[in-house]
Amino acid sequence: AQTVTQSQPEMSVQEAETVTLSCTYDTSENNYYLFWYKQPPSRQMILVIRQEAYKQQNATENRFSVNFQKAAKSFSLKISDSQLGDTAMYFCAFMKLYIQGAQKLVFGQGTRLTINP
Amino acid sequence: EADIYQTPRYLVIGTGKKITLECSQTMGHDKMYWYQQDPGMELHLIHYSYGVNSTEKGDLSSESTVSRIRTEHFPLTLESARPSHTSQYLCASRGTSSPQYFGPGTRLTVL
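Line by line, the protein sequences are chains A and B. The opening position of the first sequence corresponds to residue 1 in my numbering, with each subsequent residue numbered one higher. The opening position of the second sequence corresponds to residue 1001 in my numbering, with each subsequent residue numbered one higher.
Just chain B, with the same shape it has in the complex:
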């Protein structure tokens, strides 16, 4: 089982604020992912990374951006939060021959 950490777990913020959701893993996994999920709904991939300095857009268009400067760290940034960004954001990682393991998620509410 991978150790994946996400902070904050809960965030309530006003419209227009810049936010960064943190995701770190300690297993040395090269592939990392960000998903967006509304309550009780399916997951949608918004960003992924093959490794350091590699980032790709996922299947669902998102106004967020990501960076991958270090293997273990894959932060997601929203430059100007809006109520439509209210959702749960799940980070995941996997190694070469392992399944995807997920972090505990960040529940974001934008007022």
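Just chain A, with the same shape it has in the complex:
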């Protein structure tokens, strides 16, 4: 079974700083997807960024980028120029690549990130 571990329950930085959230996972699969979701106080889950395991290039979405280390099974999220609106719970998630099937997500425990003014 796959597991996802986020070792930082809480983090806090000043506005405009850069912050990195850690995520490690355990799997015997070779093909899979990794995701970072954000859950602000409104509690809606919002997709931040995704990475296909077969791609060596790290995914980037504006101020958000990942450091994907497949051999180390590590998938960290870097937020540059952090903004107050980035305050949220951040969940790392894993999904096996199936040709058929429901392709369930496995979530980490979450990291509560606070951006201070």
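It is worth saying that the hints were derived from the structure and are not from the lab. A hint or two may mislead.
Here are some of the chain A residues that sit facing chain B, going by a computed Cβ distance under 7 Å [to be verified]:
id: 1; residue: 43
id: 2; residue: 50
id: 3; residue: 110
Straight-line distance between alpha carbons at most 25 Å, and here's what the computed DSS-like set of lysine-lysine pairs gives [said to hold, decoys possible]:
id: 4; chain 1: A; residue 1: 96; chain 2: A; residue 2: 73
id: 5; chain 1: A; residue 1: 104; chain 2: B; residue 2: 1057
id: 6; chain 1: A; residue 1: 78; chain 2: A; residue 2: 55
id: 7; chain 1: B; residue 1: 1057; chain 2: A; residue 2: 96
id: 8; chain 1: A; residue 1: 104; chain 2: A; residue 2: 70
id: 9; chain 1: A; residue 1: 104; chain 2: A; residue 2: 73
All residues carry an ideal CB built from backbone N, CA and C; glycine is no exception.
Since chain A is already given, all that's left is putting chain B on it; use the hints.
Frame of chain A, contents of chain B only:
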């Protein structure tokens, strides 16, 4: 980005009542999911569906039931609500080559 709708957004109800949480998506996604989440905690999958007339239990045991009669609709029902059912319920869907997109959630409180 998928359009996924959940109603009601908030529900406070007494013990023993039957409730149905609605989830609809307009993207034609064949796969749909229900998660249960306590505040500040991780998500737990309670039900999922591959498509019409397909439903499966998730990783967390739940007394709720689901149905999938139409592609766009995946309601969750509790026959007799109890205080232990108090939680947030999140619905999600995905297409063949898309990630899971989530609805806004329903916060359920059972008194």
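Now for the hints, and whether the structure bears them out:
no.: 1; hint: 43; in the structure: 5 Å, holds
no.: 2; hint: 50; in the structure: 5 Å, holds
no.: 3; hint: 110; in the structure: 6 Å, holds
no.: 4; hint: A:96 to A:73; in the structure: 14 Å, holds
no.: 5; hint: A:104 to B:1057; in the structure: 12 Å, holds
no.: 6; hint: A:78 to A:55; in the structure: 18 Å, holds
no.: 7; hint: B:1057 to A:96; in the structure: 18 Å, holds
no.: 8; hint: A:104 to A:70; in the structure: 20 Å, holds
no.: 9; hint: A:104 to A:73; in the structure: 19 Å, holds
In this structure, none of the earlier numbered hints is contradicted; all agree with it.
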